[in-house]
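Chains A and B, in that order, give the protein sequences.
Residue numbering for the first sequence follows my numbering, beginning at 1 and increasing consecutively.
Residue numbering for the second sequence follows my numbering, beginning at 1 and increasing consecutively.
For the record, the hints were derived by calculation from the structure and aren't laboratory data.
No experiment lies behind these values; they were computed from the predicted model shown.
Some hints here could point you the wrong way.
Derived DMTMM-like pairs: lysine to aspartate or glutamate, alpha-carbon spacing no greater than 25 Å straight-line [what the hints assert, rightly or not]:
1. B/Lys-24 x A/Glu-269
2. B/Lys-24 x A/Glu-221
3. A/Lys-106 x A/Asp-250
4. B/Lys-98 x A/Asp-195
5. A/Lys-35 x A/Glu-118
6. B/Lys-24 x A/Asp-195
7. A/Lys-270 x A/Asp-250
8. A/Lys-270 x A/Asp-150
9. A/Lys-172 x A/Glu-274
10. A/Lys-70 x A/Glu-53
11. A/Lys-73 x A/Asp-50
12. A/Lys-270 x A/Glu-144
13. A/Lys-181 x A/Glu-144
14. B/Lys-99 x A/Asp-195
15. A/Lys-271 x A/Glu-162
16. A/Lys-181 x A/Glu-109
17. B/Lys-98 x A/Glu-221
18. B/Lys-98 x A/Glu-144
19. A/Lys-94 x A/Glu-114
20. A/Lys-106 x A/Asp-74
21. A/Lys-94 x A/Asp-195
One side only, chain B facing chain A, incomplete, derived with CB under 10 Å [claimed, not checked]:
22. Ser-20
23. His-26
24. Tyr-27
Note that CB positions come from ideal geometry on N, CA and C, so glycine has one too.
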Amino acid sequence: MTEQLIEKIETMEKKHEMEKHQREKEYPKSSVSIKIYRANRRAGESPHYDRIEVPVQRWTTVLDALLYAKAYKDQSIGIRYSCRMASCGSCGMKINGIPRLACYTKVSELQGREITVEPLPNFPHIRDLVTDFSQFFAHHQNVEPYIQNDDADLHEKNKLTEFIQTPEDVDKYLQFSYCIKCGLCYSACPTVATDTQFPGPQALSQAYRYFIDNRDTAPKERLNLVDNRHGIWRCHFAGSCSAVCPKGVDPALGIQLLRGHLLGYSKNEKKVAELKERQKRD
Amino acid sequence: MEHLCSLGANNKKMTMLRESQIMKIHYITAVAALFVVAVHIMMRIAIMPYGMSLQYGNVIANYQSIPYVVLLESILVLVSIHGFNGLRVILLELRQSKKWEDGVTVLTIAAMIALIAYGTRTIIIANGLGVE
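This is chain A alone, in the form it adopts within the complex (with noise of 0.2 Å):
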């Protein structure tokens, strides 16, 4: 009885410590190094990287040890970021040579020790890892990206009035509002490298997105906006804006319907929403 005891708990130990190893085996990340893109070209400093070895847990994302490095480490790292759970867009950069989130790119999904980041590609460079978003937001400022009706009464303040949409309305622009303007999609965009005035695949998204929203009444003007030489046509339909989504927004997909709008395959035969007057509540 003894006997069988012992060997019994000689078996569990046995089995707790392959499950131990097994463990390790899957995360054997303790600790990782990071080797961060550095440069200030303001201040006259060349580019370079730096490794600085960061400890990880399971849930550590690559923000998070960007963050140990910055507080612990080396407190002149430059880091745009905001919300920490992809929402914002601000911690785009590029992860292992693809343009990520850093806030939803967790370490131990990288494969290798040592994780390299660096500044999006396509965008003008700051400091460090932030880009100039400018001449990215003038791209979607040009497409208009709101509602353009006139029958939406705006000023009068006593009104309330709202749209009418049946699903099948939303669903047709749904995926395309998840859009967070983190300009993964324009860094990771083969024209935008070559083609400044290309408006890139968020902005064309977002033309698409209000061209087809049935609240909207000025789809022709809308397909001007893109119709240009540095215009629609440009996309080489590479794929790779939909690939780097975080948001698993489909942007060639919104740039090919509007291109069968525009070669007048497709029928934009909406129906404009109905404006319905609503009480307002005390």
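Assemble chain B onto chain A, guided by the hints.
Positioned in the frame of chain A, the structure of chain B alone reads:
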């Protein structure tokens, strides 16, 4: 920022055709060229052996057949339009300035017209309508 906001405004300076119309022509010429080039290749191998079809007498005979002349002229026009517009699109991406873009557009149109004119002249001479 003002300059950045006018990025789109610069693009609105349009030429005779809208870009969507140009691209429609681009795609239509591509499909049509595929068809006529396929017929042209089939004529090389379907009627007689390939080597024989390229002999001097047979080539001249082709040029003297009016339907074949129409086919050759179609290939010339369609491929020239499609090819030179493709070249224009590639060159437009290299630089972004009004001068460059207008220069590229004018040069590619001129080159396209020159190639079509030269090719048509060859067809006419080989057909026997030209001055010996």
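Hints, verified against the model:
1. B/Lys-24 x A/Glu-269: holds (21 Å)
2. B/Lys-24 x A/Glu-221: Measuring from Cα to Cα gives roughly 19 Å; hence the hint holds.
3. A/Lys-106 x A/Asp-250: Status holds; Cα separation ~23 Å.
4. B/Lys-98 x A/Asp-195: Since the Cα atoms of B/Lys-98 and A/Asp-195 sit roughly 13 Å apart, the hinted pair holds (cutoff 25 Å).
5. A/Lys-35 x A/Glu-118: holds (9 Å)
6. B/Lys-24 x A/Asp-195: Within the cut-off at roughly 22 Å; holds.
7. A/Lys-270 x A/Asp-250: Holds, because 22 Å separates the two Cα atoms, which is no more than 25 Å.
8. A/Lys-270 x A/Asp-150: Within the cut-off at roughly 17 Å; holds.
9. A/Lys-172 x A/Glu-274: holds (17 Å)
10. A/Lys-70 x A/Glu-53: Since the Cα atoms of A/Lys-70 and A/Glu-53 sit roughly 11 Å apart, the hinted pair holds (cutoff 25 Å).
11. A/Lys-73 x A/Asp-50: Distance ~11 Å between A/Lys-73 and A/Asp-50 Cα, so the pair holds.
12. A/Lys-270 x A/Glu-144: holds (19 Å)
13. A/Lys-181 x A/Glu-144: holds (15 Å)
14. B/Lys-99 x A/Asp-195: Roughly 15 Å between the alpha carbons, so the hint for B/Lys-99 and A/Asp-195 holds.
15. A/Lys-271 x A/Glu-162: holds (16 Å)
16. A/Lys-181 x A/Glu-109: Satisfied, since the Cα-Cα distance of roughly 24 Å is no more than 25 Å.
17. B/Lys-98 x A/Glu-221: holds (23 Å)
18. B/Lys-98 x A/Glu-144: Since the Cα atoms of B/Lys-98 and A/Glu-144 sit roughly 24 Å apart, the hinted pair holds (cutoff 25 Å).
19. A/Lys-94 x A/Glu-114: holds (14 Å)
20. A/Lys-106 x A/Asp-74: Judged against 25 Å, a Cα distance of about 21 Å means the pair holds.
21. A/Lys-94 x A/Asp-195: holds (20 Å)
22. Ser-20: Where the cut-off is 10 Å and the nearest Cβ of chain A is about 4 Å from B/Ser-20, the hint holds.
23. His-26: Hint holds; B/His-26 Cβ to chain A Cβ min 9 Å, cut 10 Å.
24. Tyr-27: holds (8 Å)
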